[in-house]
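So the chains spell out like this:
Number of protein chains: 4
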Amino acid sequence: MNGNRFGRLFQVTTYGESHGKAMGVTISGCPAGVDLDTEAVQAELDRRKPGQSMITTSRGEPDDVTINSGLQDGYTTGTPIGMVIENKDARSGKYEPFVTAPRPSHGDYTYSAKFGTRNWGGGGRSSARETVNWVAAGAVAKQVLEQSEYDVQVKAHVNQVGDIEAPPVSFEEMLEHTENNEVRCAHPETAEEMRDAIDEYQQEGDSIGGSVYFECRGVPRGLGAPRFDSFPSRLGRAMFAIPATTAFQFGKGREARTMRGSERNEDWEFDDGDSHPDTVSDEGDPVPVGNDHGGLQGGITTGEPIYGEATWHAPTSIPKEQTTADWETGERKDVQVVGRHDPVLMPRAVPVVEAMLNLTILDFMLLDGRINPDRLDGQPGEYDTDYHPRSPDNME
Amino acid sequence: MNGNRFGRLFQVTTYGESHGKAMGVTISGCPAGVDLDTEAVQAELDRRKPGQSMITTSRGEPDDVTINSGLQDGYTTGTPIGMVIENKDARSGKYEPFVTAPRPSHGDYTYSAKFGTRNWGGGGRSSARETVNWVAAGAVAKQVLEQSEYDVQVKAHVNQVGDIEAPPVSFEEMLEHTENNEVRCAHPETAEEMRDAIDEYQQEGDSIGGSVYFECRGVPRGLGAPRFDSFPSRLGRAMFAIPATTAFQFGKGREARTMRGSERNEDWEFDDGDSHPDTVSDEGDPVPVGNDHGGLQGGITTGEPIYGEATWHAPTSIPKEQTTADWETGERKDVQVVGRHDPVLMPRAVPVVEAMLNLTILDFMLLDGRINPDRLDGQPGEYDTDYHPRSPDNME
Amino acid sequence: MNGNRFGRLFQVTTYGESHGKAMGVTISGCPAGVDLDTEAVQAELDRRKPGQSMITTSRGEPDDVTINSGLQDGYTTGTPIGMVIENKDARSGKYEPFVTAPRPSHGDYTYSAKFGTRNWGGGGRSSARETVNWVAAGAVAKQVLEQSEYDVQVKAHVNQVGDIEAPPVSFEEMLEHTENNEVRCAHPETAEEMRDAIDEYQQEGDSIGGSVYFECRGVPRGLGAPRFDSFPSRLGRAMFAIPATTAFQFGKGREARTMRGSERNEDWEFDDGDSHPDTVSDEGDPVPVGNDHGGLQGGITTGEPIYGEATWHAPTSIPKEQTTADWETGERKDVQVVGRHDPVLMPRAVPVVEAMLNLTILDFMLLDGRINPDRLDGQPGEYDTDYHPRSPDNME
Amino acid sequence: MNGNRFGRLFQVTTYGESHGKAMGVTISGCPAGVDLDTEAVQAELDRRKPGQSMITTSRGEPDDVTINSGLQDGYTTGTPIGMVIENKDARSGKYEPFVTAPRPSHGDYTYSAKFGTRNWGGGGRSSARETVNWVAAGAVAKQVLEQSEYDVQVKAHVNQVGDIEAPPVSFEEMLEHTENNEVRCAHPETAEEMRDAIDEYQQEGDSIGGSVYFECRGVPRGLGAPRFDSFPSRLGRAMFAIPATTAFQFGKGREARTMRGSERNEDWEFDDGDSHPDTVSDEGDPVPVGNDHGGLQGGITTGEPIYGEATWHAPTSIPKEQTTADWETGERKDVQVVGRHDPVLMPRAVPVVEAMLNLTILDFMLLDGRINPDRLDGQPGEYDTDYHPRSPDNME
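The listed protein sequences derive, respectively, from chains A, G, Z and F.
Going by UniProt numbering, the residue at position 71 of the first sequence is 71; the numbering climbs one at a time, nothing skipped.
Going by UniProt numbering, the residue at position 130 of the second sequence is 130; the numbering climbs one at a time, nothing skipped.
Going by UniProt numbering, the residue at position 42 of the third sequence is 42; the numbering climbs one at a time, nothing skipped.
Going by UniProt numbering, the residue at position 365 of the fourth sequence is 365; the numbering climbs one at a time, nothing skipped.
Treat the hints loosely; a few may be bogus.
Just so you know, same-sequence chains aren't split out, so a pair can sit in one copy or run between any two.
[Unchecked claim] With a straight-line Cα cutoff of 20 Å, these simulated EDC-like cross-link-like pairs (lysine to aspartate or glutamate) come out:
1) Lys320 <-> Asp267
2) Lys320 <-> Glu263
3) Lys94 <-> Glu189
4) Lys320 <-> Glu182
5) Lys320 <-> Asp292
6) Lys21 <-> Asp64
7) Lys94 <-> Asp334
8) Lys88 <-> Asp46
9) Lys21 <-> Asp196
10) Lys320 <-> Glu96
11) Lys88 <-> Glu61
12) Lys21 <-> Glu61
If you're looking for bench data, these hints aren't it; they were derived computationally from the structure.
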């Protein structure tokens, strides 16, 4: 109800404001026996953290994560995992002009309308700083998936910045190129073009919108439930939770408006052993001919790659002069949102999108009993014994 | 978890399959004291029901609703409202070719993958017939809103069919024209064009995609919570729950990709009494200059009109010959999805979109304490007394 | 929030009032492939129904259940199961004195205080008639358990009526004797004594309290989660949901107040093959010496029998003259709650307690992945094929 | 599902193990504008903390709370409140004998059965140390209640230790005496007796059970919902979540077994201005004659004092020699649970019971719209302005 919970069985609960003391996230329902690599969690946070390049905000946050619970000898215990990330470089001073006046197109006014208060420090809870919690939780989810018997892979990249659109890229290209440039675009030439454009927007005191494309491989068939718990329904909820998202689509998306049924419908064939290398299919399985459906039919996974796209509007914090309305004085006034802000959101949104995908997929797998403690690679450490109370030999 | 629940305080729970005995919906959390007009509920169902025109399926369902509980003397009691709509014209015979083979691009295969069974009667639970439940619940929500102290209005219309796109229309035009044509497009000339095109697709044994535009007026400021319970997040979940949705956006939507911050950002001004006639604003209130934000900033309502668009792919049930894979014989076979099917989804999706909007808005209003039993117009009937236990005079 | 939902994965949602049109219950999350015996569901309802003996209300309700969805060829499909039970013998006339005055010790006044209305027909939603929905849902849960690979057995009996207390009985005696007498007490001599006492209370226009003892066998080890989802916590919620419950305990219960740690603590030994015949234990398993803990340690099942007791106060509807306060006239008045009422609640509460136990146990088993569609006995019927999409051979 | 969440609108989420790095609790849904006294939160934690007297464990935990989010200038912002309490005196060494063998009557074995791991450090998540989180959250709830327009008061005391039972005490005596003695019994003479008995048990290397009585004043009428969300149902869930609870009852509780309807039923009268001084009633209100119902009818509050009792078994950690079964060696072995343990649970359970009551009551009040941000005493600080976005003058 309060906007800080996600997941049904892999439950994430968060807290924290942009300029508060610390951000925090609790994971309830993480399976026991996962060999949790805390450095890998930190690595995901580093991909999202501010100050990582010239085209991100210069706010100096190390975003070091502390894990307070849920582990014994490096393995998850099945009990809640509490994580804290301190805010070290909050500077509220620069927000003073906005104590009694909303910044243009931010959440300032609406948060005040909802809560009846004005938490003016850097956007408070409405700040995208909150997504640090999601990336931490998503990094744990990713490891659970990696240690399961499935080979789920999730990758996103920036496919459009302003008018510059990247050509379609393969999943392999996404894996290879995305992390090699500051824009996180998997098409190197376009990435450079995007980089130059962003520089220009930044120099003009402006910002720009764009989109992120994602793809998921190896997701087993049958994930998702009818209707309100369908895969796209859950994913839609996740994507529109990311600050500044204005559109989301999967498969042919908006283009499906102009397609006939006979054009978009896909026949069924049998996998001949070579025909569907990118899917979970084995020889002899019924498989759809084509993937305009984006891996989802009836809201449930077909085993084909799941792909889609989310759009972000331009960051609203820009140095250019704008006008606001001061409700204390009853006067309008000209303002600049000075400070350390991102000229584009997408490069840092890439790890956030991946985190939400990992969280969504894992949650569905847990709901369908696809993740079994006994199947996880992780084994209890020094207290390892032949007697495993839940093993089929010992338990009824 | 099971896809049949929606809402946090105004909770909807549904059941029913396309070719089962009956559809059913339970509303938990409807405020007491609402003067429920059951004919108005039926009228909404009639807008969605099959057979209403030549461009909808000819399946003959009266969709008569029976209300089993939650009312006394025509007023809601605050306890659960149970409604049942019988399936009277289910004919499973025509689905026999698909008992062991999935229909192309339907949910047949994925439902089997999830549940391990084959409910072959007309798509079973994956059928859009389920939305009859949502429209019934939405019709109750609409009445609660109407009897509140707010003046919330919700309207949708078909803005695109295949390549035919309607020009922008005003909210007043939507109210006036939408229900006057079979396509439910608020622009009469375009509606005729769409109608002719649909006829043609139908004659060719084909179907076509399109989109629905919606707008909400009078929604109070401050609805929605941060992040996972933001207004767009909840709405995204609702829209992607509707069968065949492939894209959803609000405000500038996907177009925001190409907009600069300085272009999309909106200054704040004070309402001068005339400047914002379509909003909840009063003279002297701070108001944004423009509504590219679609009534939502930081995921919370600004009081400006909320607008957006959802895309549906073409209906997958088409008479044209297609090919499927029979898992019993291990052979492919040519099939036709004969029967009574819609050539387009959007005309009947219009009341479904409106229902999901009413449900979403009311749920948020209840969460913020905006709907108060004492403020509802409805009054208990013959047992009306001066002693109202919860009135401020009598209760602590 | 609205009091009509129970269960996390096996989700029950109910509606209906004592004197409304019908009662209804929706089960979401029932596994697919269960061979559902609808007569067995009816048989459980018959155990709870009114008019079954001289010591129950004479209201004439056949309590015939109609299943509207969730089945194909007699097997569950994994989609929601909607059930309806009509109210056929509601007579509201006799409640007229209470339209503006609360019946003594009923929920009349408090329901009005909550909802601001007066649903005076037979207690409306506060009536124990609601438990018909629970028994229907519990009967489905029971069958899922029966068709699982576990041998869970649940039984309850009336162990006290007024001052008459039954001596301890074995589980086998409970199975053998409980259903053979009107009181549902597993100790035949005491049952007769109780029967006579109840007759006397009834003839005096009075009613009497008592308690029900229950025991569960074969519940696997490890069910329940820490704290707020512990087995006793969930069971406590369930038991206090039953109308008129005033106390609940398990294991030594209230008697544990006077026990030392050294007296109540139980050592651990190894099962020698004979020592724990009534438990899920196999030879060589660590087992507690004794079962004062009632099958629950740290809120989680040990595999020993789970047992406990719930107390009901006397039915509040009695023919004896009482006094109430009429809020319309502002005067007190003498009243009799005439009509068809139970002089004791426990005989009809026995199937309700069993239903709540079955629902609670199954829900925990689903949460821990103990119920697997592939492990259920039920097999899809005529559409049975070698290709089972979720079988390990075919699915990743 | 994972046992670490409580509350529907005032949502508590916890983490932490007895011997982990830190305990943590997140509150979602706390109203904005509460003037939060952090010292008062700490004071509640001090009442629960170890080492506060000779009859509690000597583990040296200061239990200092750090609030990471949710506050601006000392007022709540309506966004999640994250709190952390570090574990400073964890010594896992003394648990080594129990790495491969369960402690008698602890949660060791069952937690291993559930999670398939052995978190042997001081009971891990099963430890009552978890309740520190509840007391922190309850202390916030208490302040929200105090700043509301209602005068809710909650108090508990130890009414029985072993065979020693305190005579009934008034609410005023509970307020006056409970905190003045180490046992937290409101009857001073009995408190001394209990104190001596506990000393004796402790010297014998043993422990003892007992019970806590509680009473709530000023709770408004109409709180609680039918059935599964009834007040006793929610409270039952809360009470059985507390470690070592074996019984819970309210009103006449278990004694109601032997009462006739005519004896327990309570007539209704009108408050004459003096007759119900301890309730929320005003002159002229209908009020029940007596309070054997414990403030709850039909599961909903009547406005009379709510009272009840919970039983705890003796602490299971005792120095006396006991025997366990080592699953690594397959041998039994004699063990002593040495360390720093409580000989009785009740004195430290008193603040835990009060916390759960405050959390339960506040949650119900939020559900019924009884707590309104505008009604809270707290006012935003330096950014206070005449423009309060949600005030009736400014908002629609």
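Checking Lys320 and Asp267: alpha-carbon separation at most 20 Å within a copy, between copies, both or neither? Only across copies: Lys320 and Asp267 sit 12 Å apart there, 53 Å inside one copy, limit 20 Å.
What label fits Lys88 with Glu61 when the C-alpha limit is 20 Å: within, between, both, or neither? Within one copy, since 6 Å is at most 20 Å while 27 Å is not.
When no copy is named, should Lys320 and Glu96 be tagged within, between, both, or neither for a Cα gap of at most 20 Å? within (17 Å within a copy, 64 Å between copies)
Within, between, both or neither: Lys94, Asp334 at alpha-carbon 20 Å: Intra 15 Å, inter 66 Å, cutoff 20 Å: intra-copy only.
Intra/inter-copy verdict for Lys320 and Glu182 if alpha-carbon distance must be at most 20 Å: neither (24 Å within a copy, 49 Å between copies)
My question is about Lys94 and Glu189: at a cut-off of 20 Å on alpha-carbon distance, are they close within one copy, between copies, both, or neither? The answer is neither: 38 Å in one copy and 54 Å across copies each exceed 20 Å.
I want to check one pair: Lys88 and Asp46. Are their C-alpha atoms no more than 20 Å apart within a copy, between two copies, both, or neither? So Lys88 and Asp46 pass the 20 Å test inside one copy only (15 Å; across, 30 Å).
I want to check one pair: Lys320 and Glu263. Are their C-alpha atoms no more than 20 Å apart within a copy, between two copies, both, or neither? between (47 Å within a copy, 11 Å between copies)
20 Å Cα cut-off: does Lys21 pair with Asp196 within a copy, between copies, both or neither? For Lys21 and Asp196, neither the intra-copy (36 Å) nor the inter-copy (46 Å) Cα distance is at most 20 Å.
Quick one: Lys21 to Glu61, C-alpha cut-off 20 Å, is that within a copy, between copies, both, or neither? Within one copy only: 12 Å inside a chain, 23 Å across chains, cut-off 20 Å.
Give the relationship of Lys21 and Asp64 under a CA distance limit of 20 Å: within one copy only, between copies only, both, or neither. Both, since 14 Å and 16 Å are each at most 20 Å.
How would you label the pair Lys320, Asp292 (within, between, both, or neither) given a Cα cut-off of 20 Å? Cα proximity of Lys320 and Asp292: across copies only (19 Å, versus 42 Å in one copy).
Checked against the numbered hints above, the structure violates hints 3, 4, 9; every other hint is satisfied.
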